[in-house]
Amino acid sequence: MVIFVTLHTVLRDQFPEYVFPMKVSLDEFSTIEVLINTMGILDSQSLIFVVNGINVECNYILKNFDKIDLIPAISGG
Amino acid sequence: MDNENLNEFVLRINAREKTGRKEEVPEMWKHLGGRGLLARILLDEVPATCDPLGPYNKLIFAPGLLVGHRISSFDRISIGAKSPLTKGVKESNAGGTTGYQIVQLRIKSLIIEDQPLDPKFSILYLSKDMIRFDSYDEIQGKGIYESAKILTQIYGKKVAIALIGPGGEMQLRTAGICNLDKDLVPSRISARGGLGAVMGSKGLRAIIFDSEGCPQPTLADPETFRKTQQHYTSTLLAHPQTNVYREYGTSANVRMVNAFGALPTRNFSSGVFEGVEKISAEEMRKNLIARGEDCKTSHACMPGCVILSSNVYGDENGQSIVSPLEYETIGLLGPNLGVDNLDDIARMNEIINDIGLDTIDVGAALGVAARAGVFEFGDGQKAIQLLEEIRIGTPLGRILGNGAAITGEVYAIQQVPVVKGQAMSAYDPRAIKGTGVTYATSPQGADHTCGLTLRAKIDHLKPEGQVDVSKTVQINMAGYDTIGACIFTVFCVSTIPYVIKDFLNAKYGWWVDEDILQTLGRETLLMEHEFNKLAGFTKADDRLPEYMTLEPIAPHNTVFDVPGDEMDDIFKW
Ligand code: SF4
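From first to last, the protein sequence lines stand for chains A and B.
Each residue of the first sequence is one higher than the last, beginning at 1 in the numbering used here.
Each residue of the second sequence is one higher than the last, beginning at 1 in the numbering used here.
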């Protein structure tokens with residue numbers, strides 16, 4: 001299946017040559033954790049995961065054509 | 001509680017008689033600082049039903065309990081009064097240098113009472129040995145930026161200054177009190193709730209804090225304090241969030257909040273903005289690096305801050321337009337007005353600062369005005385013209401300068417994003433419902449700094465559980481505001497929560513436990529709630545505007561549906 005991934009802020013530095021959203025191919029029933037490992041994202045501890053506009057946990061099972069935002073957490077000011 | 005070694009005092013200024021006197025700190029005030037102390041003083045001394053711009057209201061400055069020692073990002077000043085905007089309790093805190101200097105002067109709280117008979121403004125000068133009222137002729141009619149330059153020429157570059165602008169002189173209800181940052185720019189604003197109007201009503205255009213000759217405040221246990229400070233600073237530096245704040249600042253929220261479908265767009269009529277990429281943190285960072293010169297992607301508002309979440313935004317030639325350009329301002333002046341040009345947003349920010357107003361409430365007022373057809377959404381240039389009307393005080397300018405609630409009333413618009421008369425920050429509460437509970441129930445009125453729930457592990461679109469989430473965050477935030485910590489330290493402090501008690505015990509010689517932050521937070525919220533009750537607030541004031549319960553917001557098509565009776569119990573614990 002194909003997942004559309006948008007990285008935010010410092011995460012983009014790991015993938016400077018990409019245009020977002022990135023298309024990532026995964027096996028069916030893969031979780032966000034699998035996606036993160038597949039992409040080789042370091043430091044996933046303090047990330048917020050938003051799938052199709054809804055915040056979810058890293059054990060969330062992705063579906064074909066899901067749009068996911070991987071966001072290093074921050075708050076307003 | 002033993003505060004004796006600190007030699008702190010209460011400084012009471014009578015604005016009518018132009019006199020001041022030092023008093024001992026009352027026993028009940030000693031364990032409090034910042035927001036908590038403001039609430040205590042308001043309850044003890046200000047008739048809750050008084051006219052906020054009349055002689056019985058008091059303008060109060062109170063540094064947080066841990067201010068004055070250069071703990072990274074802990075030197076914030078809390079300023080408060082009965083709010084002319086919400087008509088209830090008000091605390092608004094800011095960074096910069098006022099907090100540090102006021103502690104060096106040993107002032108536990110500065111209380112400004114009464115008001116002058118003579119309409120002429122003056123400048124209050126405070127030093128170790130002197131309380132003086134000076135002429136304000138040099139800054140009469142000038143904006144915040146020029147006034148600050150002139151004042152630092154007169155009083156020197158080592159003083160801290162809290163000043164109001166033309167908006168405060170006109171007693172507009174969105175007027176704030178501006179504090180100098182470490183580079184002497186008056187950009188750290190106690191912006192919310194119209195405190196600048198209260199200062200205007202006291203006849204003060206600026207207060208100078210000159211701590212020359214004051215020794216550093218003593219500590220009960222300097223060795224433990226120093227070790228705690230080292231541990232805290234190294235943990236803060238190593239924390240991944242510090243890096244995000246330093247490289248991208250709070251504007252990193254733009255795309256995040258858009259991803260949640262909560263980015264206020266065109267007067268809070270949608271939660272997603274088509275121009276989001278153009279106003280994103282990533283775009284801003286790229287521009288600032290390319291423009292160079294004055295532009296800075298990271299910057300400290302106060303000496304000692306290692307997070308450096310601030311920035312300096314410059315034009316195409318790299319010449320500074322405004323510092324900082326922050327998320328809430330981008331949200332309210334950008335998507336909320338349909339504007340997708342960061343340069344326009346920065347220019348609006350600069351004008352609003354120069355008049356000395358709150359960008360959130362003025363941005364929301366412009367959104368309501370656009371909805372009413374006063375100008376077209378997306379027309380940044382027209383928005384800039386309207387801001388200039390506020391500066392010169394035309395009737396339309398005064399309407400806008402009095403905030404979103406008044407603007408909505410004048411134009412008979414129902415869709416006005418306010419609670420208790422104060423505009424919401426840049427999170428639509430129909431898509432982040434816990435923050436909606438905070439907006440509704442916070443005694444401060446709609447304000448994200450009282451309890452933003454974005455990071456909570458909860459489905460933000462469902463009503464269940466939002467009251468508990470908001471309650472926890474509101475208690476914590478009231479605690480942080482009482483000790484004087486910047487909210488951007490929360491990520492780090494929540495991993496080493498014991499440092500708060502270690503700092504407090506080492507400073508004051510106390511024996512408080514690890515839950516001191518929550519204890520102070522609860523006490524503060526209850527006092528604030530009590531003040532509002534005495535001022536005449538009821539359950540009806542703890543609700544979001546009705547239209548938000550009826551009109552769904554895109555893209556999730558949700559309304560705010562957290563039950564009112566659940567929210568009514570939020571401060572019962
Ligand atoms: S993190 Fe930002 S707002 Fe907080 S003290 Fe540092 S520069 Fe000021």
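Keep in mind the hints are simulated off the structure, nothing from the lab.
A virtual CB, placed ideally from N, CA and C, is assigned to each residue, including glycine.
Hints may contain errors.
Claimed, not checked - Beyond 12 angstroms from chain A on every Cβ pair, some chain B residues (computed):
| # | residue |
| --- | --- |
| 1 | 240 |
| 2 | 243 |
| 3 | 251 |
| 4 | 277 |
| 5 | 453 |
As the list claims (entries may be wrong) - Pair ranges (Cβ atoms, derived):
| # | chain 1 | residue 1 | chain 2 | residue 2 | range |
| --- | --- | --- | --- | --- | --- |
| 6 | B | 306 | A | 63 | 39 to 45 angstroms |
| 7 | A | 24 | B | 277 | 29 to 35 angstroms |
| 8 | B | 393 | A | 14 | 32 to 38 angstroms |
Stated by the list, open to error - Computed footprint of chain A on chain B; a stretch qualifies when at least three of its residues, placed anywhere within it, have a C-beta under 8 angstroms from a C-beta of chain A:
| # | region |
| --- | --- |
| 9 | 13-26 |
| 10 | 391-401 |
| 11 | 478-490 |
Hints and how they fare:
Listed as a non-interface residue, residue 240 of chain B fails to keep its Cβ farther than 12 angstroms from every Cβ of chain A; the least gap is roughly 5 angstroms. Not every CB of chain A is more than 12 angstroms from the CB of residue 243 of chain B (nearest about 6 angstroms), against its label as outside the interface. At the 12 angstroms boundary, the C-beta of residue 251 of chain B falls inside the reach of chain A, the nearest C-beta of that chain being 9 angstroms off. A Cβ of chain A approaches the Cβ of residue 277 of chain B within 12 angstroms, the least distance being about 9 angstroms, so the stated non-interface status is violated.
Non-interface status of residue 453 of chain B relative to chain A is broken: a Cβ of that chain comes within 12 angstroms, the nearest being about 10 angstroms off. Between residue 306 of chain B and residue 63 of chain A the beta carbons are some 42 angstroms apart, a value that agrees with the proposed interval 39 to 45 angstroms. Taking the beta carbon of each, residue 24 of chain A and residue 277 of chain B are about 20 angstroms apart, not inside 29 to 35 angstroms as hinted. At roughly 52 angstroms, the beta-carbon separation of residue 393 of chain B and residue 14 of chain A lies outside the given 32 to 38 angstroms, and the hint is violated.
For the region 13-26 of chain B, the assignment as covered by chain A is violated, since 0 residues bring a beta-carbon within under 8 angstroms of that chain's beta-carbons and 3 are needed. As drawn, the region 391-401 of chain B meets chain A at 0 residues by the rule of a beta-carbon pair under 8 angstroms; below three, the given contact is violated. Only residues whose beta carbon comes within less than 8 angstroms of a beta carbon in chain A count, and the region 478-490 of chain B has 3; three or more means the coverage holds.
Checked against the numbered hints given earlier, the structure breaks hints 1, 2, 3, 4, 5, 7, 8, 9 and 10 and satisfies all the rest.
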